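If you're matching them up, the sequences are chains A and B in order.
For the first sequence, the working numbering begins at 1 and goes up steadily by one.
For the second sequence, the working numbering begins at 1001 and goes up steadily by one.
Among the hints, erroneous ones may be present.
[What the hints assert, rightly or not] Below 25 angstroms or equal to it, Euclidean Cα-Cα: the simulated DMTMM-like pairs (lysine to aspartate or glutamate) are: (1) 1331(B) <-> 97(A); (2) 1127(B) <-> 1140(B); (3) 1207(B) <-> 1071(B); (4) 128(A) <-> 40(A); (5) 12(A) <-> 1082(B); (6) 137(A) <-> 58(A); (7) 99(A) <-> 64(A); (8) 137(A) <-> 1275(B); (9) 12(A) <-> 1275(B); (10) 12(A) <-> 1140(B); (11) 139(A) <-> 1183(B); (12) 137(A) <-> 112(A); (13) 99(A) <-> 1254(B); (14) 99(A) <-> 131(A); (15) 1207(B) <-> 1410(B); (16) 99(A) <-> 1389(B); (17) 1391(B) <-> 1068(B); (18) 1430(B) <-> 1410(B); (19) 1348(B) <-> 1189(B); (20) 1127(B) <-> 1254(B); (21) 128(A) <-> 18(A); (22) 139(A) <-> 58(A); (23) 1391(B) <-> 1381(B); (24) 99(A) <-> 11(A).
[What the hints assert, rightly or not] Label pairs and their in silico Cβ distance ranges: (25) 141(A) <-> 1304(B): 32 to 38 angstroms; (26) 11(A) <-> 1397(B): 40 to 46 angstroms; (27) 1215(B) <-> 11(A): 36 to 42 angstroms; (28) 1386(B) <-> 119(A): 56 to 62 angstroms; (29) 1305(B) <-> 141(A): 48 to 54 angstroms; (30) 1378(B) <-> 20(A): 52 to 58 angstroms; (31) 30(A) <-> 1182(B): 32 to 38 angstroms.
[Stated by the list, open to error] Footprint (simulated), chain A over chain B, 3 or more residues, beta carbon under 8 angstroms: (32) 1162-1168; (33) 1178-1190; (34) 1218-1225.
Derived from the structure by calculation, the hints contain no laboratory data.
As the structure is a computational prediction, the values presented were derived from the model and not from experiment.
For each residue, glycine too, the CB sits at the ideal point set by N, CA and C.
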Amino acid sequence: MIYQRDTMAYDKPLPVIDNESRPFWDGCREGKLMLQHCAECGAWVFYPRVLCTACHSERLEWEEASGEGVIHSFTICHRPAGPAFAGETPYVVALIDLKEGPRMMSNIVGADPESVRIGQSVRVTFEKATEEVTLPKFKVIS
Amino acid sequence: MPEERTYLIERNGLTLKNELDASSPKFLRDRYAIAGVGETTYSRGSGRSTRALGTWAVRNAMRDAGMEPGDIDGMLSYSGNDSTFAPFIAGDLGIRLNFYMDVHGGGSSTEALVGIAMGVIEAGLCKTVAIFRAMNGYSEVRIGGTGARSAPPVTGDQLHSRAYGWQAAGQMFSQTFMRHMYDYGTTPEQVAMVKVAHSHHASNNPKALYPKRVTVEDVLNSRFIVKPLHLMDCCIESDNATAIVVTRAERARDCPRPLVLIRSVAGRVCKPRSDMHYQHGPISTVAGHYAKDILWPNAGLGPGEVDITGSYDAFTFTTLLQLEDYGFCKKGDGGGYVSDGTIQLGGKRPNNTSGGHLCEGYTHGMSMVIENVRQLRGEADDSCPAGQDGKRQHTFDYSEGGCRQVKDAEITANLGWAIPGTGSAMVLRKG
Ligand SMILES: [Zn+2]
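Work the whole structure out from these sequences, hints included.
Below, the structure is given as structure tokens:
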């Protein structure tokens, strides 16, 4: 399910989607967390790139990830990253160890920031920012 | 992955770990010197351009080195779209350059550029290099990164971070700090002692912007910026320029000030996955873990022989993490090391005796090198009275408003920080 933000106009920084990352953002729009998976050595790769970081193979295939992970670390931002985030404070920026292996940055949403802990299990959820961009965020499930 | 080669080889009488050893030839040890240092006033609102500030700082460093425009023929600077390039500063000072380069970067640049200066002099490109950093870090481009720096569109390495509100330095580093507390039980009280120590040092530094001594309670009672960082865990923002002059040791012997030799340099050493350092765990280990294997062997000494450290204090935590990973204490014991009195003036190994970036002023690292040079000369610019020979008569009384010269300082180490994944370092010694 994709959560539609009720803001009038989205004014936070947005990714400029390039050819390497397009399938990732296309997946997010469809509510799928897509990761690159190396057909030669089996490594999972994030963020999107042209060669496998482990074996330099070009055969990186897009696969849907489980969307599950564990919080490796986080910070609670009491001061915003520019005026566009002013209405969000305090917000949590976390590093999530995805079940498949890669570590990904995102926000933890739907929880009191002070209740967030390292080691908590999380699952991806999607927030539509604009017609083109939907951001993967995470909810605590344990 | 290629198998790592671990056989030993002999070169210049020294044993290297393997053929891929990145350390510089050991014969440059003590062959180069920092002959001059200088800076402008540290201020909040300089009312001057970075060109004016840079010109003043380089002039001051040249005077300190006893050099004329014709003596300087190389120039290096670092900045992040917020400064003036070397040819303008050189032009304003009547210097004709045989070499210059302006590189992108902030913290960790000073030591790396000293290494480049040594390299280009060694290669015969020029004879003496002035290195400067000129910035209006308060009145123009604020280093916190949430002002002018938040405007550019999100591309490249920021594709998967900026959209989540990850932008300012404190936000970028705090996950590392949080994980260190989790992995090793480091407490906010321990880390606050870095600010306490540096504020004591600043109280004996007439140049310091924040000379007031603070307590652990002051730090913990200041508001949260990005957890676990309180306001007082964060460095200050200021307008200033700083400069140093690097030349061959034999040339520096002719300069008026006591000789300070460059023992060893490590420049912008990176953790694996330098594109996104936090992708490589454990994130509570920083670049110093790798840089130490270049720094200490090149210097021919270890952390135990260092009298003063200049561990970069963009935040209280950055000082701690680096001291730990460069081996000044056991990994994980940084909280104890920074809070047991060791890093304070009068302690075993004071850190940032000027007050550093937390209290003196923010210079992206160069002021910490300037401070260590003055310490090794025995010329810390505190309030101690001058004797009949014009030299300051240090009292070694470190009470408020007093001395900040470390007694018999012979060896210093600067530990520069860019991000958790990138750092530089330099060992200096009294000539
Ligand atoms: Zn592969």
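We went through each hint and held it up to the structure:
no. : hint                                   : in the structure
1   : 1331(B) <-> 97(A)                      : holds, 23 angstroms
2   : 1127(B) <-> 1140(B)                    : violated, 34 angstroms
3   : 1207(B) <-> 1071(B)                    : violated, 28 angstroms
4   : 128(A) <-> 40(A)                       : violated, 34 angstroms
5   : 12(A) <-> 1082(B)                      : holds, 24 angstroms
6   : 137(A) <-> 58(A)                       : violated, 29 angstroms
7   : 99(A) <-> 64(A)                        : holds, 12 angstroms
8   : 137(A) <-> 1275(B)                     : holds, 22 angstroms
9   : 12(A) <-> 1275(B)                      : holds, 23 angstroms
10  : 12(A) <-> 1140(B)                      : holds, 23 angstroms
11  : 139(A) <-> 1183(B)                     : holds, 23 angstroms
12  : 137(A) <-> 112(A)                      : holds, 15 angstroms
13  : 99(A) <-> 1254(B)                      : violated, 63 angstroms
14  : 99(A) <-> 131(A)                       : violated, 29 angstroms
15  : 1207(B) <-> 1410(B)                    : holds, 24 angstroms
16  : 99(A) <-> 1389(B)                      : violated, 70 angstroms
17  : 1391(B) <-> 1068(B)                    : holds, 23 angstroms
18  : 1430(B) <-> 1410(B)                    : holds, 5 angstroms
19  : 1348(B) <-> 1189(B)                    : holds, 21 angstroms
20  : 1127(B) <-> 1254(B)                    : holds, 14 angstroms
21  : 128(A) <-> 18(A)                       : holds, 19 angstroms
22  : 139(A) <-> 58(A)                       : violated, 33 angstroms
23  : 1391(B) <-> 1381(B)                    : holds, 10 angstroms
24  : 99(A) <-> 11(A)                        : violated, 32 angstroms
25  : 141(A) <-> 1304(B): 32 to 38 angstroms : violated, 48 angstroms
26  : 11(A) <-> 1397(B): 40 to 46 angstroms  : violated, 56 angstroms
27  : 1215(B) <-> 11(A): 36 to 42 angstroms  : holds, 41 angstroms
28  : 1386(B) <-> 119(A): 56 to 62 angstroms : holds, 59 angstroms
29  : 1305(B) <-> 141(A): 48 to 54 angstroms : holds, 52 angstroms
30  : 1378(B) <-> 20(A): 52 to 58 angstroms  : holds, 56 angstroms
31  : 30(A) <-> 1182(B): 32 to 38 angstroms  : holds, 35 angstroms
32  : 1162-1168                              : holds (count 7)
33  : 1178-1190                              : holds (count 3)
34  : 1218-1225                              : holds (count 3)
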